[in-house]
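K.L.:
The chain contents come next:
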Amino acid sequence: MRFDRHYSGPFGLKLAAACGLLFLHLPILLIFVYAFTTEEKSYQWPPPGFTINWLMVTWNRPDVWQALGLSVRVAAISTVIALMLGTLCAAAVSRSRFFGREAISLLVILPIALPGIITGISLRSAFSIAEIPFSTWTIVLGHATFCVVIVYNNAVARFRRTSGSLIEASMDLGADGFQTFRYVILPNISTALLAGGMLAFALSFDEVIVTTFTAGQQQTLPIWMLEELVRPRQRPVTNVVAMVVVIVTFLPILAAFYLTRDGDQIAGAGK
Amino acid sequence: MSAASVTAAGAGAPIIMDGRRGPLGRLSDLFWRNPRLLLFLMLTPPMLWLGIVYVGSLFALLLQSFFSIDEFSGLIRYEFTLKTYGELFQPANLDVIVRTVTMAVAVTLSSAVIAFPIAYYAARYAQGKWKALFYLGVMLPLWSSYLVKVYAWKLILAKEGILNWLFAKLHLTWLLDAWLSLPIVGGNSLSFSYTGTFIVFVYVWMPFMILPLQAALERVPATLIEASNDLGAPPGQTFRRVIFPLALPGLIAGSIFTFSLTLGDYIIPQIIGTSRLFIGQAVYAHQGTAGNIPLAAAFTVVPVVVMGFYLWMAKRMGAFNAL
Amino acid sequence: MLAPNSNSKVTMTSAVSFQGVSRHYGSVRAVDEVDLEIREGEFFAMLGPSGSGKTTSLRLIAGFEQPTKGHIEIFGQTAEGIPPYRRNVNTVFQDYALFPHLNVIDNVAYGLMVKGVARAERARAAVEALALVQLPGYSDRRPGQLSGGQRQRVALARALINKPKVLLLDEPLGALDLKLREQMQEELKALQQSLGITFVFVTHDQGEALSMADRVAVFNAGRIVQIGSPLDIYSRPASRFVADFVGSSNILPPDIVRRLAGQDGWASLRPEMVRLTGTASDGALQARVVSTSYLGSTTRVTVDADGLRLHASLAAGTPLPAVGETVFINFDRQNLHIMEGEQ
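Taken in sequence, the protein lines are chains W, C and E. One gets our numbering by counting positions in the first sequence from 1 and adding 4 to each. One gets our numbering by counting positions in the second sequence from 1 and adding 45 to each. The numbers in our numbering rise by one with no breaks, and the one at position 122 of the third sequence is 119.
Some clues are possibly wrong.
As the list claims (entries may be wrong) - Lysine-lysine pairs mimicking PhoX-like chemistry, simulated, CA-CA at most 25 Å apart: (1) K18(W) x K199(C); (2) K160(E) x K112(E); (3) K174(C) x K45(W); (4) K204(C) x K214(C); (5) K45(W) x K204(C); (6) K214(C) x K45(W).
Please keep in mind that the hints were generated in silico from the structure rather than gathered at the bench.
Produce the entire structure from the sequences given, and follow the hints as far as they go.
P.N.:
Set out below in structure tokens:
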């Protein structure tokens, strides 16, 4: 154990850790500054002046709204599918040992372990072979595939912590399998599922690599941004969209964090 | 031996309860008697999805890599050949592969070096509120938008951007120019050099290194480190002999992400970097404008093979427990 | 009271009956060819070291396990193939297994809730059950906010609310400290007597088994090695294992037994039946005092008789021999018990 609770580590280590964290956060903070710059043509630093004018301009852009709408729709559908598939898989893997169990966890992890471009091009060539036209559903097909693992990981971790005797206790008291699922299993894994669902939503909302292969002519918000990055046309609008995307993705992540924090992770947080 | 016959046999108050009747109750009994059936039913939907949608597509792609493109008509010839794989070994294509793998290795090593102090501090010293804050401090950048992060670096690395401004303020512009005039790593400006590509890769993938590393370090009992110090090992030796070997599975798990993500990325080098292609860009170009799907497919097999080998190694070293 | 002679076939209703029941996991025989009759309304203890098959036997009654071989009846009805939720048998789990997402009242009322009893009705029943286990006023707490003893009472109330015909208790007192454990032993015993429900109780603590149970089955290596009243088990252990596991005992090899009692076979002699005297009497063993340890109400004296270590438990107030002193071992012949279970 730590003998001295107030000893916070060697100075060098502290400095390195702090610098590392700053390195991670400063660039994102910079986005917030640029969203209000008056400069239109370049990325000039320091900004010559500040304005909230571009917020209004962005608000009135139908292409941004359309891209946002598609992104939300895709993320929502993908999350629902991932929740069902991921939970089923996690329940099966946690409740029993069977032949091929390892292979299944590997198969679930594969879509994020392999580079996204492989998933993307595979799906695209499969669509072209099967002559499936691009639609919202082709995007969903790709997104749900790599979202499954997020839900799966969250659910497996929770199943592992949920005592097996709870299920036995429920059955002992007269609840059949369905009642046990409804009244004991579901309430115990619900926060983990909610967290997994939010992270899956954030992941899907943000995904660009697989989407470029499965979207055809449709524009999700990340694809809209990618086009702006490659061929900048409206830098100030892009700045604002970038800021909005940061805020929109932070919320589910924060929520997921508070849903899954357990005793030891924030032990002593109340002190 | 059905439930019904047993209840019928009981006289007076039933000992074996009637329970819930109806189809759900009977289905529940069925699952209880045949747990394998339930397992099969639970696994069927995810396995169908991943097996057909994902693995099916992967195989379709793999199959395409054994076709070739007719040089005159530009159409795909659907007959088995290894010609396309042969093309991978043309100097231009080999160049792409070597460049990408080198970048992936450099990014992975640097991420590990920068990530280690953060993970180590969070695992061993941070407590209570600080621990939660550290965790969030890593989670937020990890989950925040990939494109926004790349965009932020486009802002930073731009000629008129904050980094050049900072160097000018510190009167260090000469240092930056000297670096940029170096071969390979240099270039016209930071946003058009491998250095720029490298920095962004490290930035974007580093959180994926921190989390598994921290998870592994959390599992190193503090008493073990104290024991090593007690036995008179200098800090360097404690690190080499005790901490590093125990953190290795986490390091490998993290490197799976940084390595794989760098291998397959085609957006970062497209936005920040030179005009020379990485594997991802080559794949994208071949399947898109050039219409050479077989060569694109063959290119994707490279990271799959590299990652397959890497995962196999990682599994042998027990890295999956730290995921 | 129960007849001391346990092998006379009793005509009372059998609550639980095992006929040649085995439960194997691969090559491991957790329960091996067990025959068992638990009578209606009795407090039955299954005693044994860990891995002896007592908990598996309990799980077979509850329905969490299915026998590999043999036949189980609960109140005359076949139990194999009947899921736990169709058995009117309830369990108090070792770790209590309280539902962490429900408060105390909903935990206790769970069994009624899944049966479809109306909310008001089951709340009333739950309050009643909590009063029965002497835990009123905690209805809105979560299990995480309760002490170990309180959780135990909630688990008990939750199991009793279904009015089970058999209540199974899996090491229910294991997690409690000594003082609380003694108090709960008395309460459980009183509860069982007032409710008249058959209690089947699993424990590795012989003191618990002896003090609470009407009858005790001693398990070892998947088999029952002895069934009988606590008095039976304690004073007439069937084998060296029982003599050793239940209380502590002096185990005398056949040659000594022949010399002292003129009988054949292994014998057990409880330490409290041993008297140490300073003067030789007819046929008494001579021994040297090795050590004495003071235990409060008694003092435990270890003596050595030609290489045979024996213990005597002397009541407070008895004069104590000094270490190294030569003493003679005396006892009443009827207290020397020949163990039939040993060849």
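K.L.:
Please go over all the hints and tell whether each is borne out by the structure.
P.N.:
Hints, one by one, checked against the model:
1. Our distance criterion of 25 Å between C-alpha atoms is broken by K18(W) and K199(C), whose separation comes to about 29 Å.
2. For the given pair, K160(E) sits about 13 Å from K112(E) by alpha-carbon distance, which is consistent with the 25 Å threshold.
3. As the CA atoms of K174(C) and K45(W) are separated by approximately 43 Å, the hinted pair breaks the 25 Å bound.
4. Between K204(C) and K214(C), the direct Cα distance comes to roughly 14 Å. Compliance with the 25 Å bound is thereby established for this hinted pair.
5. Proximity of K45(W) to K204(C) is assessed by CA-CA distance (about 13 Å); at most 25 Å being required, the pair is judged to hold.
6. Using a Cα cut-off of 25 Å, the hinted pair K214(C) and K45(W) holds, with the two alpha carbons roughly 23 Å apart.
Going through the hint list in order, the structure does not satisfy hints 1, 3.
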